[in-house]
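Asker: The residues making up each chain are set out below.
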Amino acid sequence: MNKGDLHNQKSTTTPVQDGRRLPYFFRLTIRQRLPLLMATLLAGVIVASTWASYRGVKLSALEVGSERLVNLAQQLSSLSQQNAASLLAKTGAAANDPALQSYVRTPSTPTRAAALSGLQQFSTPQDANSLQVEVWRDKHSPALVFPEGREPESSDLEKEFKLCAAEPYKTDGKMRLANGVVVYPAVAAVRDQTGSVIGYLVRWRKVVATAEARRQIMDLLGSQASIYMGNAQGDIWTDLVKVVSQPPTGLQSTLQVTHYNRDGESVMALGRPIIGTPWFVVVELPDREFLVQANRFLRRMIVIGIAVFAIGLAGAFVLARSITGPLQRLTNAASAISLGDYSSLVPVGPQDELGKLAAAFNTMVVRVHDSQQALEERVRDRTSQLQVANQELESFSYSVSHDLRAPLRAIDGFSRILEEDHAASLSAGAQRYLGLIRDNAKQMGRLVDDLLDFSRLGRQPLQKRDVHPEEIARQVLDELRSEQEGRRLKISIDTLPVAQADPSLLKQVYVNLISNALKYSRVRDQGEINIGAIDTNGSHQPTIYFVRDNGAGFDMQYVDKLFGVFQRLHLAEEFEGTGVGLAIAQRIVARHGGRIWAEGEVDKGATFFFTLQGGTA
Amino acid sequence: MTDSIVEILLVEDNPNDVELALRALQRNNLTNQIHVVRDGAEALEFVFCEGAYAHRRGKCLNPKVILLDLKLPKIDGLEVLKRIKSDEHTRRIPVVMMTSSREERDIVESYRLGVNSYIVKPVNFDQFTDSVRQLGLYWMLLNHPPVA
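Chains as they are written, first to last, in our numbering: chain A, 1 to 617; chain B, 1 to 148.
Bound conformation, chain A alone (with noise of 0.2 Å):
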């Protein structure tokens, strides 16, 4: 075995890659799953934090805004109250106010101009909001209107009268609406000094805030905010500029921070009564000034979830290839040395798993390339040896094949000479001597021979191909004609299987046979001899052929000398032969990795049987 057959021998094993019924997500590589599953991690980690912080802090801004509201709620209806109570009071003080009074009891035109005067105080440019002013003696018709030529605004004031008719005297009313702009009544009983009720006092006033007025407002409330007034039973709304006809329902009766969505906007809303008056104040903020650092928020925990996915992102494909990259050269080198290549050792790296494996990887390399060696040097030393071995047995055939046969031939030739010669002076004995002499130097002449044809055939190298038996063995027996001849013979050969064999050799142990049943059937009135195989069904078992004859036979005690060389069953006079035939046979069926047996029985007849691998064809 020389260096390169030790070095290919290639595993045969398939590693079993059956893609198709692995997940997609197992066809990859480490090296792109190690990443992807860090990526899938990470976004659902990131994803679910940022989203449950994101809705804490989106629900305690929430609730930082609902107790603003409250509060604002709560200032902007004592506030309205302040107002409206010492508006009230100014009234109440008007209605008193002894000019009023006596116009009242005694209508006249200096009373009159009298009333009017005190009435100016209440006129457009001291108070912004005043629409108009009326004097009511009865219940039915105001008896003076201020701006003088102004229409009485309603005559339905029946509820502020009765309300008038007692402690304190005054009262506001409800909100109405007057040439599409919100107003309300603030109405106070004027009395005499016996303290009866005479006649009222009504101012009308626009629920309208001024520029002034929504800028203090707009500071309290902050931009964002919106404001609605109007009367708690829900009827009339104001947004204190103008009419709006969507006022948020349920809120007088809940007192809760409600929300709802506003021209789609997301709000929350608090009404609260106004204490004295029979009106209702709500606040409405919109959900995102509140929202703002929620939303702030939200931005950066996406960045920050970004940054972070990127950099495990990075770090994972850095793992995963700190992973795979080892991996990979080690594969490498694991896949040179299949090839024979042992100078690849791997670097070592860090001590971490990978690193002692590839240590161990390395010190494996190095023992097994130093077995290998070792096992080389082995064969090789060996191959010498069987190398000297064998040129020592060639040059000693060598040698018996040149030097032996000459003093054979010279004894051969001398005693002819003796013979030829000397014919007249030898006695009948003295020849009979010198033709056993002869017959003896051939006989030894034939065992040299098939002794150098034995030891020949281990060196001869084998050249198999396919062959088929059957021809060889008529080639055979057309070689062995002469010894068929003037006999009475059956013989008989079979369809024999193709066979993976040397052709000259195989022949040689057809010639052997053959001759060998000729031989031993020369005892038979009909010699019968049938050249056959057994039928090994296709399988892998080698065939077997076999070379019958009903011959003379051998005894099955000796079967095991039969192979032997010069180991002879019979006796020289009754069949001739050196004894190397059947040896050569085994030896020739032994090479090429068959092998060879007999049956016979004892003048019944022999078969001899021997394996060979079957051809390709």
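Each hint can be trusted.
Okay, derived cross-link-like pairs now, DMTMM-like style, lysine to aspartate or glutamate, Cα gap no bigger than 20 Å in a straight line: (1) Lys-442(A) with Asp-130(B); (2) Lys-139(A) with Glu-167(A); (3) Lys-85(B) with Glu-109(B); (4) Lys-74(B) with Asp-403(A); (5) Lys-507(A) with Glu-104(B); (6) Lys-561(A) with Asp-603(A); (7) Lys-442(A) with Asp-126(B).
Take a look, some chain A residues computed to stay more than 10 Å from chain B by CB distance: (8) Phe-25; (9) Leu-34; (10) Glu-63; (11) Ser-86; (12) Gly-195; (13) Leu-240; (14) Ser-266; (15) Glu-353; (16) Pro-497; (17) Val-523.
Just so you know, these hints were derived from the structure itself, not from any lab.
The C-beta atom is built at its ideal place from N, Cα and C for all residues, glycine as well.
Given chain A's structure and the hints, the job is docking chain B onto it.
Answerer: Then chain B, alone, in the frame of chain A:
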């Protein structure tokens, strides 16, 4: 004898084989022009008219055939064959290997070097005599060598 025209040069170290060969040739009336040499060196000296045969120079005629043994003292048969076949003047001399060796490599090597025949000497003297007879008949009588 060395001055006469030599038709057969027999190169053989074994005296028994020499005697047997001469007898076989004699039986076939081929003894007159035989010269025997006992080793390879002497064979070359004879063929190239050197050493002991230097006096043949000038009238040095090639033998009709050389019967050459393989195993010879001093210079073996294959070397003798090689020298004869590589010289311009001697390469046309027919050389017949007459040897005991049946070794395939000897046969192959002899033919590679240009041997004209390869005869295995049989042990049986009758067969040997027959071989020599046929050999002599062929090379002495039947074969027509080119005119030197």
